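Participant: In the numbering used here, each number is its position in the sequence shown, counted from 1, plus 207.
If you are wondering where the hints come from, they were derived from the structure by calculation, not from laboratory data. No experiment lies behind these values; they were computed from the predicted model shown. Built from N, CA and C at the ideal position, the CB exists for glycine as well. Don't take every hint at face value.
[Claimed, not checked] Derived DEER-like restraints, expressed as beta-carbon distance ranges:
id : residue 1 : residue 2 : range
1  : C287      : L221      : 33 to 39 Å
2  : E402      : M284      : 16 to 22 Å
3  : V302      : G273      : 42 to 48 Å
4  : V355      : L221      : 47 to 53 Å
[Unchecked claim] Calculated cross-link-like contacts (lysine to aspartate or glutamate; reagent style DMTMM-like; alpha-carbon spacing at most 20 Å):
id : residue 1 : residue 2
5  : K403      : D340
6  : K406      : D299
7  : K238      : D340
8  : K331      : E402
9  : K353      : D269
10 : K331      : D299
11 : K403      : D299
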Amino acid sequence: MILSEENLSELRKLFIHDFHNQFAVNQNHHKNTFIQIIVLLVPLLTGFGYIYLNIKDNNTFDFLFGYLALSYLLLNMPICVLLVMSVGYRRDQLVTARMREKLKILSINSGENYFPGSFLPTNKNGYLNWIPDFNLIFIIVLLSLKIVLLILVLGHPFLNFPSSFCNFNLLLCILAVTLLISFSSNFYFLYLQREKWLKYINYNT
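Generate coordinates for the entire structure from the input sequences, incorporating the hints supplied.
Facilitator: Dropping the structure here:
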């Protein structure tokens with residue numbers, strides 16, 4: 208179907224209007240995502256801090272290790288959600304870019320260049336650059352938080368007490384398994400989502 212220049216002009220105006228509305232929706236969605244992650248982190252860190260500051264015997268320290276493992280699993284959830292959201296965002300961006308090309312508004316002219324060529328997301332195929340900056344910041348913060356919690360546990364002065372030594376090897380093994388599962392699952396899921404995004408690119412090229 209071939210559209211007249213007049214119809215194309217109307218579609219361009221409509222598309223730009225819809226883009227403005229969608230931009231506002233995306234901004235509100237980012238705010239909601241930020242609030243949801245904060246809501247998850249506040250009770251998690253509060254509980255960890257309470258246990259950490261009130262360790263008095265081996266059982267409490269064992270409980271801290273268990274809470275650390277639970278914290279890692281809970282922190283995995285928003286990381287996975289952010290990665291899935293990233294694929295969805297890039298997919299919609301790719302579809303939108305194709306529509307702009309069809310409507311010939313990817314680059315109208317030097318004075319009305321609403322959508323420059325850099326808006327085309329097909330060059331976002333690196334290991335991390337396909338993730339939108341907003342999501343990537345949150346993912347880095349969550350991964351860093353895992354490392355901080357681990358350092359706090361291993362650096363706790365209770366580990367120096369002889370009374371805790373008998374359980375230390377077992378706790379260390381459990382912690383090592385938890386670390387392996389947690390971080391490997393994060394990077395494997397990152398790999399899967401990136402592969403999905405690359406399939407979208409190849410399908411649309």
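Participant: Hint by hint, which ones does the structure fall short of?
Facilitator: Per hint list: zero violations.
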